[in-house]
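*Asks:* Spelled out, the chains give:
Number of protein chains: 2
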Amino acid sequence: MLPRNAFYAQSGGVTAVINVTAAAVIETAHQHRQQIGKVLAGQNGIIGALNEALIDTSLLSAEKLAGLRHTPGGAFGSCRYKLKDLQQHRAHYQRLIEVFRAHDIGYFFYNGGGDSADTCLKVSQLASQMDYPLRAIHIPKTVDNDLPLTDNCPGFGSVAKYVATSIREASLDVASMAKTSTKVFILEVMGRHAGWITAACGLASETPEQGPLLLLFPERRFDQADFLQKVQACVAQYGYCVIAVSEGLRDNEGRFLSETGLTDAFGHAQLGGVAPVLAQLLQAQLGLKCHWAVADYLQRAARHIASATDVAQADALGKAAVELALAGHNGVMPGIFRLSDAPYRWEIRPQELEQIANMEKPLPADFISADGYSITPACRAYLTPLIQGEDYPPYKNGLPHYVQLNHTLVAKKLPPFEV
Amino acid sequence: MLPRNAFYAQSGGVTAVINVTAAAVIETAHQHRQQIGKVLAGQNGIIGALNEALIDTSLLSAEKLAGLRHTPGGAFGSCRYKLKDLQQHRAHYQRLIEVFRAHDIGYFFYNGGGDSADTCLKVSQLASQMDYPLRAIHIPKTVDNDLPLTDNCPGFGSVAKYVATSIREASLDVASMAKTSTKVFILEVMGRHAGWITAACGLASETPEQGPLLLLFPERRFDQADFLQKVQACVAQYGYCVIAVSEGLRDNEGRFLSETGLTDAFGHAQLGGVAPVLAQLLQAQLGLKCHWAVADYLQRAARHIASATDVAQADALGKAAVELALAGHNGVMPGIFRLSDAPYRWEIRPQELEQIANMEKPLPADFISADGYSITPACRAYLTPLIQGEDYPPYKNGLPHYVQLNHTLVAKKLPPFEV
Chain A
1 MLPRNAFYAQ SGGVTAVINV TAAAVIETAH QHRQQIGKVL AGQNGIIGAL
51 NEALIDTSLL SAEKLAGLRH TPGGAFGSCR YKLKDLQQHR AHYQRLIEVF
101 RAHDIGYFFY NGGGDSADTC LKVSQLASQM DYPLRAIHIP KTVDNDLPLT
151 DNCPGFGSVA KYVATSIREA SLDVASMAKT STKVFILEVM GRHAGWITAA
201 CGLASETPEQ GPLLLLFPER RFDQADFLQK VQACVAQYGY CVIAVSEGLR
251 DNEGRFLSET GLTDAFGHAQ LGGVAPVLAQ LLQAQLGLKC HWAVADYLQR
301 AARHIASATD VAQADALGKA AVELALAGHN GVMPGIFRLS DAPYRWEIRP
351 QELEQIANME KPLPADFISA DGYSITPACR AYLTPLIQGE DYPPYKNGLP
401 HYVQLNHTLV AKKLPPFEV
Chain B
1 MLPRNAFYAQ SGGVTAVINV TAAAVIETAH QHRQQIGKVL AGQNGIIGAL
51 NEALIDTSLL SAEKLAGLRH TPGGAFGSCR YKLKDLQQHR AHYQRLIEVF
101 RAHDIGYFFY NGGGDSADTC LKVSQLASQM DYPLRAIHIP KTVDNDLPLT
151 DNCPGFGSVA KYVATSIREA SLDVASMAKT STKVFILEVM GRHAGWITAA
201 CGLASETPEQ GPLLLLFPER RFDQADFLQK VQACVAQYGY CVIAVSEGLR
251 DNEGRFLSET GLTDAFGHAQ LGGVAPVLAQ LLQAQLGLKC HWAVADYLQR
301 AARHIASATD VAQADALGKA AVELALAGHN GVMPGIFRLS DAPYRWEIRP
351 QELEQIANME KPLPADFISA DGYSITPACR AYLTPLIQGE DYPPYKNGLP
401 HYVQLNHTLV AKKLPPFEV
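Quick note, the sequences are listed as chains A and B, same order. First residue of the first sequence: 1, per my numbering; consecutive thereafter. First residue of the second sequence: 1, per my numbering; consecutive thereafter.
Extracted from the complex, chain A is given alone in its bound form (with noise of 0.2 Å):
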């Protein structure tokens, strides 16, 4: 049988190591090259392959593909773009089979999170229906760590590492501070919907020595009386505190925090910023300086200080999903299988799409303490072997040495296609 082609797309919000894997994919489909012939990555993501704009990997020097590996963001493109159910997009669907076929592709490797793994299970359907021999493996990623039937998701621990550093080294800073200035210090980050960047904040902190620290979780609503009464006690006995909040706490009436109480000049309501409006309130109730800092991107791109761990599981996921092609999986996910929390082992398992798809792994109540302000010995459980060790790019004029790619794309066959 002649090798058939494999595609690759990057889906949603990018990480730090999401490049990783599409390095593993590549060179792990080289190394099969009797039956995968080339890769071809979807400029910005599906989206790509609808147009079929689709990029020749081959073409990468040995260079380019080892930087990959140490580059954040998405390399060839993501998209944040749904394709809705059979049913609504089904020209769309038809669509990506059809460019399937024109280029040969065989196998689909799909990147991404909760949606994606919900797209790869019904490209695979439909190729089943209109039987067109393909191979469809979603491949776990995303910094909010929401998916199941997976230990964690690739880029998340890199994530932790980031923030627990960042806020651990913040509060040495306002410590030293906080006898004549800033007494209060908040880091907003990611996670609109589940705690789980949030709870890694907690790592900062392993004795209640190296400081105070509240974590304000999405999956709590925000009690304003309880809130102001807890700073206070820290400040009191301590001199100062730290504040870690997700850009998803809502108030008790469901309405996110972000959006409540500032309003540009028109009274428009400001853009996001939970962190501002806690700064606002504390200084306002408690006549407290406040700082505070929104991480927003440098979280999520930040591969100067990539977990090792978070690191070797982006390969491994790469590596395991043309593996899992190759050995005729359709519609399933290698997922990380966590066999010891101490030390961390774990292995790789495929798992069925059918139950990941649009499935949400929620942050488990017994991650957050009784007060609901701190993590569980549990949750510490859980995520410290998630940020183990570091993985440094090379440097060049004292910064990164990133690589960035041009776009080779393979000629069309197609006539074009509205997206």
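Treat each hint with caution, since some may be false.
Which copy? The list can't say, so a pair holds if one copy fits it or any two copies do.
Cross-link-like lysine-lysine pairs, in silico, BS3-like; alpha carbons within 27 Å at most [stated by the list, open to error]: (1) Lys-230 with Lys-289; (2) Lys-289 with Lys-412; (3) Lys-412 with Lys-82; (4) Lys-84 with Lys-289; (5) Lys-82 with Lys-179; (6) Lys-412 with Lys-179; (7) Lys-396 with Lys-413; (8) Lys-230 with Lys-361; (9) Lys-413 with Lys-84; (10) Lys-413 with Lys-179; (11) Lys-179 with Lys-84; (12) Lys-289 with Lys-179; (13) Lys-289 with Lys-64; (14) Lys-412 with Lys-230; (15) Lys-319 with Lys-361; (16) Lys-82 with Lys-289; (17) Lys-64 with Lys-179; (18) Lys-289 with Lys-413.
No lab work stands behind these hints, which were simulated from the structure alone. A quick note: this is a predicted structure, and the numbers were derived from the prediction, not measured.
Using the hints, position chain B against chain A.
*Replies:* Quick look at chain B alone, frame taken from chain A:
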């Protein structure tokens, strides 16, 4: 002659490397036990001297002392407390001399920015007037990089490395997503009066291919129409735009942009944050999806990505301060003198405090490009050496292993003093 004790204090905003200087002062003093007895550190800076809260650094273990070299923040506590002129604050200056006399302090090392250089000079002058033998040495430190007569200020190089790395990483993120999502990313950085840190962001883009980067300097008044045009042109050409903005950006009437436009529900101005103001503007005027980050303390506490050059200079200046004092200098500051850009060669020269105190070193006009939105080659040549080399802290449990000191104070000998 019997050895006399030394006093060391940290002043103003702390940095990622001020503890490197502290360790160098203590260790260099230890190497000269015949001349210097104990090094007593002010708890919370100069306030510690006024309150006679003196930390006995001779009790620090070798392990803790070594740990100081990779721990950000001010390990002895710092303060924002400016001593006014001798007329207004004479009692305070006299109190300092009394405390020094009570603890046989013959050496005064003050580690800070412009204000503390001024205080150091005044203490030196008053000691002389009071016939109290004292050698007062100022040691430069400020992320603002605004001290004259030194090539740069310890702390700045590490912030520069952090912000340039962070914005380079975030640029890759937004470049990946711009097709269907965020088109503009804005990073707000410190430097209310001088654009040194904003300029450092410019290092992230070494070639036009490394991404479009607009810098908004506090030295230039914000021209809204021009800015909107620039962003629009960027997005048209590259598909996205990345912006670094100084917290101190002002509008045409001289008002901080962070204080315009946004108010809380009660009509109070929002606490800080020029990045969200710009995001709001771009969203409203150009309909562009924006993300923004405010680095705040994260930038000046980021010891995990400190510049090795910065660490080396923080160390050398601490050592030089002690050596200058031993050589009989008084009322001076060891300054870094640049011998060449590439290779970067520098040496330390004593500078008179009279020429330093309360002087600010502005960003030279020829460091900003003609259009006002980027740095010139001269600026790049100045900045590049300062971010060279990585000086990683040790890690434990996946996080930087920073030390925390137990402050053991020497017994008080004087009645209390009302600060």
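*Asks:* Does each hint hold? Answer for all of them.
*Replies:* Status of the hints after comparison with the structure:
1. Lys-230 with Lys-289: within (16 Å within a copy, 36 Å between copies)
2. Lys-289 with Lys-412: For Lys-289 and Lys-412, neither the intra-copy (60 Å) nor the inter-copy (31 Å) Cα distance is at most 27 Å.
3. Lys-412 with Lys-82: Within. Shortest intra-copy distance 24 Å satisfies the 27 Å Cα cut-off; inter-copy 69 Å does not.
4. Lys-84 with Lys-289: Answer is between; shortest inter-copy Cα gap is 23 Å, intra-copy 48 Å.
5. Lys-82 with Lys-179: Intra 51 Å, inter 14 Å, cutoff 27 Å: inter-copy only.
6. Lys-412 with Lys-179: Intra 66 Å, inter 20 Å, cutoff 27 Å: inter-copy only.
7. Lys-396 with Lys-413: So Lys-396 and Lys-413 fail the 27 Å test inside a copy (41 Å) and across (54 Å) alike.
8. Lys-230 with Lys-361: Neither, since 29 Å and 43 Å both go past 27 Å.
9. Lys-413 with Lys-84: The answer is within: 26 Å in one copy meets 27 Å, while 77 Å across copies does not.
10. Lys-413 with Lys-179: Between copies only: 23 Å across, 69 Å inside.
11. Lys-179 with Lys-84: between (56 Å within a copy, 19 Å between copies)
12. Lys-289 with Lys-179: within (11 Å within a copy, 40 Å between copies)
13. Lys-289 with Lys-64: Intra 48 Å, inter 31 Å, cutoff 27 Å: neither.
14. Lys-412 with Lys-230: Close neither inside one copy (61 Å) nor across copies (34 Å); limit 27 Å.
15. Lys-319 with Lys-361: Within one copy, since 24 Å is at most 27 Å while 54 Å is not.
16. Lys-82 with Lys-289: between (43 Å within a copy, 18 Å between copies)
17. Lys-64 with Lys-179: Answer is between; shortest inter-copy Cα gap is 23 Å, intra-copy 50 Å.
18. Lys-289 with Lys-413: neither (63 Å within a copy, 34 Å between copies)
Checked against the numbered hints above, the structure violates hints 2, 7, 8, 13, 14, 18; every other hint is satisfied.
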